[in-house]
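Asks: Here is what each chain is made of, one letter per residue.
Protein chains: 2
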Amino acid sequence: MNELKKLPRATAKRLPLYLRNLKVLEANGVTRIKSKEFAEVTQVPSATIRRDFSYLGELGRSGYGYEVPFLIEVFSELLETDEEKRIALVGMGNLGKALLKNNFRRNANLKINCVFDNNPELIGTVFDGFMIYGMDQFEKVCQENNVNVAITTVPSHSSQMAVNTIVDAGITAILNFAPDRVIVPPYVSIRYIDLTTELLTLIFFDNQHQQLIPNYVKN
Amino acid sequence: MNELKKLPRATAKRLPLYLRNLKVLEANGVTRIKSKEFAEVTQVPSATIRRDFSYLGELGRSGYGYEVPFLIEVFSELLETDEEKRIALVGMGNLGKALLKNNFRRNANLKINCVFDNNPELIGTVFDGFMIYGMDQFEKVCQENNVNVAITTVPSHSSQMAVNTIVDAGITAILNFAPDRVIVPPYVSIRYIDLTTELLTLIFFDNQHQQLIPNYVKN
Numbered sequence: 001m002n003e004l005k006k007l008p009r010a011t012a013k014r015l016p017l018y019l020r021n022l023k024v025l026e027a028n029g030v031t032r033i034k035s036k037e038f039a040e041v042t043q044v045p046s047a048t049i050r051r052d053f054s055y056l057g058e059l060g061r062s063g064y065g066y067e068v069p070f071l072i073e074v075f076s077e078l079l080e081t082d083e084e085k086r087i088a089l090v091g092m093g094n095l096g097k098a099l100l101k102n103n104f105r106r107n108a109n110l111k112i113n114c115v116f117d118n119n120p121e122l123i124g125t126v127f128d129g130f131m132i133y134g135m136d137q138f139e140k141v142c143q144e145n146n147v148n149v150a151i152t153t154v155p156s157h158s159s160q161m162a163v164n165t166i167v168d169a170g171i172t173a174i175l176n177f178a179p180d181r182v183i184v185p186p187y188v189s190i191r192y193i194d195l196t197t198e199l200l201t202l203i204f205f206d207n208q209h210q211q212l213i214p215n216y217v218k219n
Numbered sequence: 001m002n003e004l005k006k007l008p009r010a011t012a013k014r015l016p017l018y019l020r021n022l023k024v025l026e027a028n029g030v031t032r033i034k035s036k037e038f039a040e041v042t043q044v045p046s047a048t049i050r051r052d053f054s055y056l057g058e059l060g061r062s063g064y065g066y067e068v069p070f071l072i073e074v075f076s077e078l079l080e081t082d083e084e085k086r087i088a089l090v091g092m093g094n095l096g097k098a099l100l101k102n103n104f105r106r107n108a109n110l111k112i113n114c115v116f117d118n119n120p121e122l123i124g125t126v127f128d129g130f131m132i133y134g135m136d137q138f139e140k141v142c143q144e145n146n147v148n149v150a151i152t153t154v155p156s157h158s159s160q161m162a163v164n165t166i167v168d169a170g171i172t173a174i175l176n177f178a179p180d181r182v183i184v185p186p187y188v189s190i191r192y193i194d195l196t197t198e199l200l201t202l203i204f205f206d207n208q209h210q211q212l213i214p215n216y217v218k219n
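Line by line, the protein sequences give chains A and B. Residues in the first sequence are numbered from 1 upward in steps of one, following UniProt numbering. Residues in the second sequence are numbered from 1 upward in steps of one, following UniProt numbering.
Heads up, some of the hints might be wrong.
[Stated by the list, open to error] FRET-style restraints, in silico, Cβ to Cβ: (1) A:Ala47 x B:Arg106: 23 to 31 angstroms; (2) A:Glu139 x B:Glu26: 33 to 41 angstroms; (3) A:Tyr64 x B:Val126: 54 to 62 angstroms; (4) A:Asn28 x B:Ala47: 24 to 32 angstroms.
[Claimed, not checked] Cross-link-like lysine-lysine pairs, in silico, DSSO-like; alpha carbons within 27 angstroms at most: (5) A:Lys13 x A:Lys36; (6) A:Lys36 x B:Lys13; (7) B:Lys34 x B:Lys23; (8) B:Lys23 x B:Lys101; (9) A:Lys13 x A:Lys111; (10) A:Lys101 x B:Lys34; (11) B:Lys111 x B:Lys101; (12) A:Lys111 x A:Lys140; (13) B:Lys111 x A:Lys13; (14) B:Lys13 x B:Lys36; (15) B:Lys13 x B:Lys23; (16) A:Lys111 x B:Lys101; (17) A:Lys23 x A:Lys36; (18) A:Lys111 x A:Lys101; (19) A:Lys13 x B:Lys36; (20) B:Lys111 x A:Lys101; (21) B:Lys23 x B:Lys36.
Think of the hints as simulated: they come from the structure by calculation, not from any bench. For glycine and all other residues, C-beta sits at the position ideal for the given N, C-alpha and C.
Turn these sequences into a full structure, and let the hints guide you.
Replies: Quick look at the structure:
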């Protein structure tokens, strides 16, 4: 796994996208693909794809393209999707319920195994077949379930408290739907999903985009 | 707005994050900040912050730092948050309901104004004060409400159809929660939220991270 340490962060970020699209191609009977074609599928520029792939060694030959099953094998190993990830979900509001209903069903190795909330009215009730536990039971329930990833949908004002409980239970990978930054020890990986920022960024790019596109294209 | 066209995409992407954090600082009475301090707040490296800011002209002085209210003014103008954005939400499953309940309440200029679904059992019913319309009424209702942004939570298999209806109604900014790529005209901006990819990326970085951190740090 030595080469991984040299992988640029931007390249690493694209690997899951590549893998997902390769699986779609494979499901549709495509066994070989050129970077230009793969660029159309992924909407990533073909030069970027070739550069990204080059970090991973000899994946294909010039003018011939890439073998889809081989790429899937290499990328799956890199992303370690062979390993089952067991997930704790903290916060059973609307967003928590949406995540649990979906439960990453497209990926057999990602599974929400236990759910938590601090609301006394929810604790002990069952949603969608899942018993909702209180946060005071977090460490115990996570250990029993061999949980190694946590997702929190807890609002910003309680987010740090929820994250502290998660970290204290020994979990090192946290996906946080509250956009305010929280403090975690250096060995913990945390990722934020900030939908307001995503929307503002979209609007920003759309504004730039509309200034560059002549009006007649739209009519 | 000429300088905007030179702004690197990665810098543009960080602007909403900067703005949000500046507003938090201002609310806490901070009027001046150095890039190193701002790096701690935003978790963006201070060199990146200085480079990003340099694209926007003379925002501060060496050794003195940046005036928070001035930065807020500049960034607000860039992101045009002064302009009210009216949003159509398509798909009223759990995720749609979660988005509507939250309704970007932290940003006064972002507002979901009308909601749609194709389920005959939902059409005509009211959720959280919003009448749910059918997609056959999309263009009419959006025009009446001056909608200029759409969010779709429609599942992948119907996503392209929903996006077609959105594009036909003249909307050029679309946030799509279905990860499969859809086809849009070149003047349309579309952004995907793919939670499975976000989670796989988190796990990938956590795996790399755990290999690099000596075990004694964790004990």
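Asks: It remains to establish, for every hint, whether it holds in the given structure.
Replies: Status of the hints after comparison with the structure:
For the hinted restraint 23 to 31 angstroms between Ala47 of chain A and Arg106 of chain B, the CB-CB distance of approximately 38 angstroms leaves it violated. Distance hint for Glu139 of chain A and Glu26 of chain B: a CB-CB separation of about 38 angstroms, consistent with the stated range 33 to 41 angstroms. Distance hint check for Tyr64 of chain A and Val126 of chain B: the Cβ-Cβ separation is about 58 angstroms, which falls inside the suggested range of 54 to 62 angstroms. At roughly 44 angstroms, the beta carbons of Asn28 of chain A and Ala47 of chain B sit outside the given window of 24 to 32 angstroms.
At most 27 angstroms may separate the alpha-carbon atoms for a hinted pair to count; Lys13 of chain A and Lys36 of chain A meet this at roughly 20 angstroms. Only pairs whose Cα atoms come within 27 angstroms are accepted, and Lys36 of chain A paired with Lys13 of chain B is accepted, the gap being roughly 26 angstroms. A distance of roughly 15 angstroms separates the Cα atoms of Lys34 of chain B and Lys23 of chain B; the hinted pair therefore holds under the 27 angstroms criterion. Taking the CA atoms of Lys23 of chain B and Lys101 of chain B, the gap is near 23 angstroms; set against the 27 angstroms cutoff, the hint holds.
For the proposed pair Lys13 of chain A and Lys111 of chain A, the alpha carbon gap of about 21 angstroms is at most 27 angstroms, so the pair holds. Restraint check: the Cα-Cα separation between Lys101 of chain A and Lys34 of chain B comes to about 44 angstroms, which exceeds 27 angstroms; the hinted pair is violated. Proximity of Lys111 of chain B to Lys101 of chain B is assessed by CA-CA distance (about 11 angstroms); at most 27 angstroms being required, the pair is judged to hold. Between Lys111 of chain A and Lys140 of chain A the CA atoms are separated by roughly 18 angstroms; this keeps the pair inside 27 angstroms, and the hint holds.
Proposed proximity of Lys111 of chain B and Lys13 of chain A is contradicted: the alpha carbons are some 30 angstroms apart, above 27 angstroms. For a cut-off of 27 angstroms, the pair hint linking Lys13 of chain B to Lys36 of chain B stands: about 20 angstroms separates their Cα positions. Taking the CA atoms of Lys13 of chain B and Lys23 of chain B, the gap is near 17 angstroms; set against the 27 angstroms cutoff, the hint holds. For the hint linking Lys111 of chain A to Lys101 of chain B, the alpha-carbon distance of about 26 angstroms falls within 27 angstroms, and the restraint holds.
Of the supplied pair hints, the one linking Lys23 of chain A and Lys36 of chain A holds, its CA atoms being roughly 17 angstroms apart against a limit of 27 angstroms. Our distance criterion of 27 angstroms between C-alpha atoms is met by Lys111 of chain A and Lys101 of chain A, whose separation comes to about 11 angstroms. This hinted pair checks out: Lys13 of chain A and Lys36 of chain B have alpha carbons roughly 26 angstroms apart, not beyond 27 angstroms. Distance restraint check for Lys111 of chain B and Lys101 of chain A: the Cα-Cα separation of roughly 26 angstroms lies within the 27 angstroms cut-off, and the hinted pair is therefore satisfied.
Taken as a hint, the Lys23 of chain B and Lys36 of chain B pair is honoured in the structure, with Cα atoms around 17 angstroms apart against an allowance of 27 angstroms.
Violated hints, in rising order: 1, 4, 10, 13; the structure is consistent with all others.
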